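Enquirer: These are the residues of each chain, in order.
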Amino acid sequence: MRIAIHHQLSITPPPETGNMVFQLLMTPRSGATQKVERWSVETTGIGNAARYADAFGNTVHFVNQMRPEGPVGITATGVVETSDRNGVLGKPTGEPVPGLYLRATTLTKVPVTLYGKFRGMKDDRIGLLHALMARVGEVLGGEEMQAGQLQSQDGQSQTQTVGEARKADAALLAHGFIGAARALDIPARYVSGYLLGDGEPPGLHGWAEAYDPGLGWIGFDPYLQICPSEQHVRLCVGLDALSTTPVRAVPDGNGVKTIAVSVEAA
Amino acid sequence: MGDTAPFDEMYDADGTVREPYRALAQWIDEQPEKALSLMQADAEGIFRRLGITFAVYGSDEGTEKLIPFDVIPRIISATEWRRLSKGIEQRVRALNAFLYDVYHRQEILKAGRIPEKLIVNNAAFCPDMMGVDPAKGVYSHIIGVDIVRVGPDEFYVLEDNLRTPSGVSYMLEDREAMMQLAPDLFQRIKVAPVETYPENLRRTLESVAPANVAGTPTIVVLTPGIHNSAYFEHSFLADQMGAQLCEGQDLFVDGGKVYMRTTTGPERVDVIYRRIDDDFLDPLTFRPDSMLGVPGLFNAYRAGNVTLVNAPGTGIADDKAVYTYVPQIIEFYLGEKSILSNVPTYNCTDEDQRAYVLEHIGELVVKEVHGSGGYGMLVGPTSTKAQQAEFKKKIEARPDNYIVQPTLALSTCPTYVNSGIAPRHVDLRPYVLVGDKVRITPGGLTRVALTKGSLVVNSSQGGGTKDTWVLED
Amino acid sequence: MLGRTAQNLFWLSRYVERAENMARLLEVGYKMSLTSRREGGEAEHLISMMQAAEVDEAFEATGRIADVDTVAHFMVFDEGNPSSVKSCLMAARTNARSVRTAITIDMWQSLNAAWLEFSQIKPRDVRGAKLLGLLQWVRQRSHEFRGALLGTILRNDGYAFSQAGNFVERADNTARILDMKYFVLLPRADLVGGDLDIQQWTLILRAASAHRSYRHVYHDRYKARNIADFLILRPEMPRSLVFCARMLNQTLESLADIYGKRLDCHDVVADLCAMVENTTMDEVFGKGLHEFLTEFVARNNRVTECLSESYNFY
Chain W
1 MRIAIHHQLS ITPPPETGNM VFQLLMTPRS GATQKVERWS VETTGIGNAA
51 RYADAFGNTV HFVNQMRPEG PVGITATGVV ETSDRNGVLG KPTGEPVPGL
101 YLRATTLTKV PVTLYGKFRG MKDDRIGLLH ALMARVGEVL GGEEMQAGQL
151 QSQDGQSQTQ TVGEARKADA ALLAHGFIGA ARALDIPARY VSGYLLGDGE
201 PPGLHGWAEA YDPGLGWIGF DPYLQICPSE QHVRLCVGLD ALSTTPVRAV
251 PDGNGVKTIA VSVEAA
Chain L
1 MGDTAPFDEM YDADGTVREP YRALAQWIDE QPEKALSLMQ ADAEGIFRRL
51 GITFAVYGSD EGTEKLIPFD VIPRIISATE WRRLSKGIEQ RVRALNAFLY
101 DVYHRQEILK AGRIPEKLIV NNAAFCPDMM GVDPAKGVYS HIIGVDIVRV
151 GPDEFYVLED NLRTPSGVSY MLEDREAMMQ LAPDLFQRIK VAPVETYPEN
201 LRRTLESVAP ANVAGTPTIV VLTPGIHNSA YFEHSFLADQ MGAQLCEGQD
251 LFVDGGKVYM RTTTGPERVD VIYRRIDDDF LDPLTFRPDS MLGVPGLFNA
301 YRAGNVTLVN APGTGIADDK AVYTYVPQII EFYLGEKSIL SNVPTYNCTD
351 EDQRAYVLEH IGELVVKEVH GSGGYGMLVG PTSTKAQQAE FKKKIEARPD
401 NYIVQPTLAL STCPTYVNSG IAPRHVDLRP YVLVGDKVRI TPGGLTRVAL
451 TKGSLVVNSS QGGGTKDTWV LED
Chain G
1 MLGRTAQNLF WLSRYVERAE NMARLLEVGY KMSLTSRREG GEAEHLISMM
51 QAAEVDEAFE ATGRIADVDT VAHFMVFDEG NPSSVKSCLM AARTNARSVR
101 TAITIDMWQS LNAAWLEFSQ IKPRDVRGAK LLGLLQWVRQ RSHEFRGALL
151 GTILRNDGYA FSQAGNFVER ADNTARILDM KYFVLLPRAD LVGGDLDIQQ
201 WTLILRAASA HRSYRHVYHD RYKARNIADF LILRPEMPRS LVFCARMLNQ
251 TLESLADIYG KRLDCHDVVA DLCAMVENTT MDEVFGKGLH EFLTEFVARN
301 NRVTECLSES YNFY
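Residue numbers (full-length UniProt numbering), protein chains in the order written: chain W, 1 to 266; chain L, 1 to 473; chain G, 1 to 314.
All clues given are correct.
Simulated restraints, written as ranges between beta carbons of each label pair:
hint, chain 1, residue 1, chain 2, residue 2, range
1, G, K261, L, M291, 27 to 37 Å
2, G, T94, W, P15, 23 to 33 Å
3, L, E176, G, G260, 36 to 46 Å
4, G, T35, L, S37, 53 to 63 Å
5, W, E16, G, P123, 38 to 48 Å
6, G, E253, L, P288, 42 to 52 Å
7, G, A256, L, E176, 35 to 45 Å
8, W, Q8, G, T294, 50 to 60 Å
9, L, R82, W, A32, 54 to 64 Å
10, L, A386, W, P14, 44 to 54 Å
11, W, T77, L, H104, 32 to 42 Å
12, L, P193, G, P123, 43 to 53 Å
13, W, T44, L, R82, 52 to 62 Å
Straight-line Cα separation of at most 20 Å, EDC-like style, residue types lysine to aspartate or glutamate; simulated pairs:
hint, chain 1, residue 1, chain 2, residue 2
14, W, K122, L, E116
15, L, K110, L, E331
16, L, K117, W, D212
17, W, K91, L, E107
Bear in mind the hints are in silico, worked out from the structure with no lab data behind them.
Computed from a predicted structure; not experimentally measured.
Beta carbons: idealized from backbone N, C-alpha and C, even for Gly.
Next up, chain W with everything else stripped away, as it sits in the complex:
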C-alpha cells in the first residue's frame, strides 16, 4: 500500500551559538518490504549537507549552520509503497555483517529471567523468536500497560505527540526483545519507523529485527505482537533506539522537539 508521511521537528540552539551541527537519520531506504517512491528532507543548509551511509547502512544528512538565529525546522516528507512479507527482509547486500548486532548496549540490558528458558530452543530459531516476542509482551508489557506509562526509552528528550508516547513503550519492548535475542547469540537490531494504524494512532513507532541464517533479517513488533505488516514503514536501523535518533545536534539547546507527524494512506 502507498503511505504518505510528513514528519516535522525543530531545534532551538542556545543564544550566541557559533556553529550548530546536526545529523539527520530521516531518509528511509527501499528494500524487500518497501519502495521509496519519493522523499525529501528540508532544512536550512540542506543543499550544503554531506550525505553518506552510516555504520548501519542508513542514509545520513550531516548539516551545519553558522550562527543560527532562532529555531531551526526540519521536515521530511514522502511516499513509500509497502508490501506485506511477514516481516522477512532477507539478506540485503551492502549492510554490515549481522554479527555486529550481537553487541550489548546500555538500553538493551535484560534480566536472565526474560530469556533463560529459551536456551534449549536454539535449534528452532524462528520458533524461539516468536516465543520470545510473546514472552517480552507478557513480562514487560503486562495487562496494565497503557500508552506512555513506561519509562521513555526512545532517545528523544521531549515527547509531545500521542505517537511519541507510544513509541517510547514500543522502544522498551523492542529493547527487551533485542537484549534477550543477543544474550541467546542471535543478532538483533532496532528499527525506527512509522506506523499507519491497525487500531493504533498513526505516527512514530519502533520495533526489532532478528537474524536467521536461512531467511536473513526478520521483523518482530513486540508492542503489537505481530511481525511487521504493510502498515510499517522502516526509517532506519541501529543497535538501539539511541543509535537511531532521527535528529542529533550539538549544541542542542532544549533538545529536539517534534512538531508534527502524519502518516496516511496515499
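Put chains L and G on the given structure of chain W with help from the hints.
Expert: This is chains L and G only, laid out in the frame that chain W set:
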C-alpha cells in the same frame, strides 16, 4: 625463567663484551675517572636547555617532570635490527588488515579464529567505524611496539600500541643530548639516524590524505591542550613537522568539511594527527560532554573529507584480550608464521588455566585488560601476600577482565647509577609509521627501571630513558 | 596563523606589559600614600590608585581595610584580582604555553624564569622597604621579556600581534595614570599648584619612568600642563598616548601589508591616532582632561574589539 641471571645486553655470561658493544666498552674504559659522572651532570643541563619544557612545566604544577636520562646507550646490532624490524612490519601489516576486516566483512570471525563476541562486545570495538574506508586502508598509522628481550635471540612483544603511542619526542631528544655529550663516540661508531622521524611522519601523514585533496595536504596536530601531560610532545612534533598545533576550538566543520580558524579566515584541513582519545573526539558521535573535540568531526571523516590519524576504533587491535590472538591474526591475513613471539598468556576464563594462575600467582604478572601505564597490575614476585589475595579475588570475580603472564626476566643494560655502572632492566619501544609504506625508525625508546631489580620501566613509576643505537653495517 | 595563536600573542604581550604597569601604579600609589599628611589620606591615595587600575571594586569585595599592606598584597599576590602581578604573570605564561611553537626559546625562557622566581617569593617577606625592590624586579623582568621578543622574534604577523598587545595596554595604562591624578585632585581643588600637587605630578612622571626625560624635553620645572602634554601629545615620549597610538597604527598597517587586506580595525586605529594627533593641550583642557582620557580609553578598547573581529580571535 627461573633463577638464572637475566640476559645482559653488554656482557656474555662469562663476562666478555658482546660484539655490538665492543667499541662502546673500549670508549668507556678510556674515559678518565669521573668522566661519566660529569657527563651525567651535563646531561641534566642539556635537557633543561634542549627540552626545556620537560623540566619547567612540572616544577610548579607537577604535570610534567624531567624524565631521568642515562648516558650509557643501549645498542642493537644491524643483524638484530633487521630481524626485529621484519617482525614489527609483519605485525603492523597484519594488525591493519585485521582492523579493516573487523570493520567490514569480519571474515576472521566468520572463520571462527577469534570468538565473535570477544570483538563485537569489546569496549574497544567502535561500531560507528563499520564500513569506513580509510585512505590506503590504513587504520593505525603511528604505532609504538613494546618489546622485551630475554635472551640473545629471544624477543617478545609485550604490547602493540595502536591508539596514540607517546614518547617519540624522548627518542629524538635523547639522541640530540647524546650527540652533544659524546660527539667522539658517533665518530667511532656508525649509528643509524633517528632524526628522520619528523620528516617521515610528515610524509606518512601526507600519503593518507583523502583522495580528493589536490596539491599538498594541510596537516594539523590536534591536542587536548596545555594541561595534557604529553602537551610538550604535541607541540614538539607540530613544530618539527611545520604543522599547526590545534585545539578542538581551533577547528570547525562546515558543509561536511573541516576548517581551522586563522587570522585570514577559514582554512581547509585534510589530515588530523589527533592526540585526543576516541571518546573525546566529537561530542556529536562520541561522548556528548566532551569539550576537547570538534562537533561533527566524525561525520566529516565518515563522509571522506578528512583523515584521522590514527583512526578511531584502533584500540580493538591492541586490546589485551585480543593480544593473545595476534599470531593467528598474522597467519590469517599474511599466511606467515609470526616472526616475533607473544609473551605466553593465560586465559582466566578457561577453568584449568585459571586454576593454575590462582595457585602460582606469586610467580606471575596480572594485568587488567583495559589498564595501562603500569597501573592495575600485579607483579607476583615483588608483591605482598595481601596484594596477591586481593588479585585472586578480583580474578575469580571477573576472569575476563585480566590477562596473566609469566614474569619475564627482562634483559639488563649497564646503567650509570649512584654506585657507578650497574645492570638495570630495560625494554624497547620502536616507532613505526604506516602510510604509503611502512617506515620504521631504526632505534626507539629504551626505558630503564632505575631501581635495582625492578622490572617496572614506566616513567610514572621511576623509570628513565636511554638513547637507543642501531648499528649500521 | 590560527586566530587563537594571534590572540594568545596579543594577550601575552598585554599581560607582560600590564604586570609592569601594575607594579608602576602600585609604586606611585604607595609613595603618594607616604606623602599624605592628612587623616585617612593614606587610604584615599591607595583607593584612587586602585580606581585608576579599575580594581577598586574587586578590592572592596575582599572586605579588607585599605592600608599599604592589604593593598600591596592585593595588587601583587592576590589571584582573585585579575590584574594583580601574579595573575598577569600566570596569564602571560599560560598564553605563552599555548603558543609555544610561535614564540622563541628566549621569550619562553625569560617568561618562565620570571614566573618560577616569582612563585618562590613569600608574600609575608615583601613588606615595607622590600616592596619597592620587588616592584622594580617586576619592571626589569618585563624589560627583559621585551628585549627577548625584539631581539629574536620573526618580523611577521606574530610580531605584529605581540606589538599591538603591547601598545594597546601601554596606552591604556598611561591614560589611567593621568586619570588617577585627576581622581586624587578632584576633592582637593584648592591644592592645585601647591607643593603637594607638584609632588604628586612628580610621582605620576615617575610612574611613567619619565621624570628625568621630562627635563630634557621641557628645561622647566614641573608644570601640570607640561606633564599632561608630555604624557599625551609628545611623539618622542615612548609611553605617551600619541606614541602608542602611532605605533599601534604602524603595527596594524604592517598587518594590512602582510595579509594584503585592510579591515575595520584599520579605520578604528586611524581614528584613535587622529584623536591625539590633531589636538592641542588647550583643546584637551578645554574639553576636560578626564573626559578626554575616558574617551581615549573607550576608543582604545574598541581597537581590541575590532582587532579580535578582524583577525578571528576567539
